[in-house]
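Asker: These are the residues of each chain, in order.
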Amino acid sequence: MNKYLTIFALFLSVSIFAQSTDNEIFLEQEGDDLTLTIDQIGYGNKFCGTISSGACATDMIITGSDITFNLDQIGNSNQLFGPIILDSANIDMEFTGDSNIFDWNIGYAGSADNLDLDLAVTGDSNEWNFDLGYNQSSENFNYDLTLTGGTNIFTTLVDADSVKWEWDITGDGNDINTQQKDEDQILIAEFNGDDANIDIIQQSGSCPQGVTSCSGVINLDITSDDATITINQKDTSD
Amino acid sequence: MQRLQLIKKILAISLVPSLALANPIGDITEQTGKGALTRNNQEFVAAVNQDILLYDLLNTGNGRMKVEFLDDSNLRLTEHSRVKIDEVIYDPNPSKSKMVMKFAMGTARFTSGMSANMNKANITIETPTAQIGIRGTDFTTTIDELGRSLIILLPDANGDSSGEITVTNEGGTVTLNQAFQATMVSTISSAPVKPVQLTDVTVAQIDNLFIVSPPAEIQTAVDEVRTENSASNILTADFLEFNELETDYLEEDKNWGFSELDIDLLDVDFLQDLLEIIEESDLLDRNRSSGSGGGFEQVSIEGTKPGLDPQTQYNTIIDDSGQIWFYRQVTGIISIKLPIDANARIQTITDEKESIITVGDGEAVNIIITQTN
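So the protein sequences, as listed, match chains A and B. Residue numbers for the first sequence follow our numbering, beginning at 1 and rising by one. Residue numbers for the second sequence follow our numbering, beginning at 1 and rising by one.
Just so you know, these hints were derived from the structure itself, not from any lab. Hints are supplied without guarantee of correctness; some may be wrong.
[What the hints assert, rightly or not] Cβ-Cβ distance ranges computed for the label pairs, FRET-style:
| # | chain 1 | residue 1 | chain 2 | residue 2 | range |
| --- | --- | --- | --- | --- | --- |
| 1 | A | E127 | B | I356 | 42 to 48 Å |
| 2 | B | I368 | A | E166 | 21 to 27 Å |
| 3 | B | E170 | A | N232 | 34 to 40 Å |
| 4 | A | I201 | B | E297 | 35 to 41 Å |
| 5 | B | E352 | A | K164 | 50 to 56 Å |
| 6 | B | A121 | A | D225 | 56 to 62 Å |
| 7 | B | Q197 | A | D72 | 44 to 50 Å |
| 8 | B | E354 | A | D195 | 53 to 59 Å |
| 9 | B | V203 | A | K164 | 45 to 51 Å |
| 10 | B | E354 | A | T228 | 17 to 23 Å |
| 11 | A | K164 | B | T199 | 43 to 49 Å |
| 12 | A | T68 | B | I368 | 39 to 45 Å |
| 13 | B | V48 | A | N142 | 27 to 33 Å |
Positions of the beta carbon are idealized from the N, C-alpha and C atoms, including for glycine.
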């Protein structure tokens, strides 16, 4: 069954499963072929499962295949909390504002194959934690990140096969931590900014059957007056 | 302990000669994509741990294969390659041990074993147009549909020559004894071209792409020979001696399940290799031909040299956009581009060695790369 769900939250309190006094969306969605479009505009937006004491307390839940998910959060101090279980999904997210907190994981349960995630963040002091394939096997992940802003902290852990990241990061004082595991990892990144601290771990955890070495590709284009970049690239998972 | 087991295996094979044909002489240790082996006119899908017997014909389709032999030597086949195991004798007396393989098509890499159970002089690799004798070495051959053979001697772990090989046919013999020294043999009766030194090649780049586009140094050497002997070459070539023409490769393809139609030109790895090599070669060529130092006069770089530095294993060039490009393809690919006026320090730590490259005063950007197996 096709499902189309479009939400416009403009300085309003919006809740799918619970009413709230703030600009909040609580979502528990199960099923395939979902198209979900959300524009959430304002200060203190929250998108999660439940809220407690003004903060997201539990995660939102999206489960299904063939999902198209478009989310725009515009404003400061927004919060986005997962997890989601998705196969064959297109996810486009844009965040504009400062001091936002995003904590998502895909593949905590179920599977997480064939994902295309486009993420654009404009703002400062944002904190982004993303985990793909935390518990479940995952493959074919295409991740594009455009980050414009400073003092952001991005931590990304991807445990999946056949992964391609393309990152374009502009801003000062950003702290980027990435870990890629499993075979066929490609990271292409453009960094433009000072005082960056970038840690890249690319390791092959489980090669295809019969292959003892399956290494990855790291392609960096760096323009900076002061940056520390640490790259660990190894053929094994330890 | 492993050595003891190896000696036991060799003794077992040699003491029971009647069973030697059925005894494994090695096994498949890596297999990706499509591969097969033909044995007694029966074809088997190649798989890891599968035993290799005498007279096996090894084929790869859109895949790669690695075989390890009992004497520790190993054979790697890239895509669409074919090798026949023609003769293998393991004897307690190393001087009586012997190995002969026929490389028929594609790109294969042979690394002789470290054990002393076989005299390296008794190992012979045959291509349609030449015979390769080895002395403790690591090398590749790339063979096209006409049997023309490109042979490249590879470096050891320190970047030095891995030994020495001789390439012989009716036209003469040449010796390769420097890392990335190469020769090309066009026909069984035309002499191997004079060895040339390849400068912009890494081990990972050596594959069937050389069938389409041989290294520039080899192409130049071949052209020179062709010019010198333009009148005699075509007349002296005896195409009837090319035994491989007797083989119907299309028929074999039909039998074991893949054909030219199975070549996936959209395969990411292939395209990646292709584009990388073309782009890199093109840029390196332009840097060399510019006659202006390739732009390096504008920048201070210490710890590596322009082009391929065998010590750091980095290719360093100034790219089209004027950036400094450091490219290293060993245990994964590291590609770093920095502005021409950057001040950066690149420390690379691997299992084998450590290098430090300094750009400008090295004070602004600190890059630490650790690559381990």
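Asker: Each hint: holds or not?
Answerer: Checked hints:
1. A/E127 x B/I356: 42 to 48 Å: violated (34 Å)
2. B/I368 x A/E166: 21 to 27 Å: Between B/I368 and A/E166, where Cβ atoms are some 23 Å apart, the hint holds.
3. B/E170 x A/N232: 34 to 40 Å: Because 53 Å falls outside the window, the suggested range is violated.
4. A/I201 x B/E297: 35 to 41 Å: holds (37 Å)
5. B/E352 x A/K164: 50 to 56 Å: 29 Å Cβ-Cβ, so the 50 to 56 Å window is violated.
6. B/A121 x A/D225: 56 to 62 Å: holds (59 Å)
7. B/Q197 x A/D72: 44 to 50 Å: violated (58 Å)
8. B/E354 x A/D195: 53 to 59 Å: violated (27 Å)
9. B/V203 x A/K164: 45 to 51 Å: violated (25 Å)
10. B/E354 x A/T228: 17 to 23 Å: holds (18 Å)
11. A/K164 x B/T199: 43 to 49 Å: violated (31 Å)
12. A/T68 x B/I368: 39 to 45 Å: This hint holds: roughly 40 Å between Cβ atoms.
13. B/V48 x A/N142: 27 to 33 Å: Since B/V48 and A/N142 have Cβ atoms about 30 Å apart, the given range 27 to 33 Å holds.
Checked against the numbered hints given earlier, this structure breaks hints 1, 3, 5, 7, 8, 9 and 11; the rest are met.
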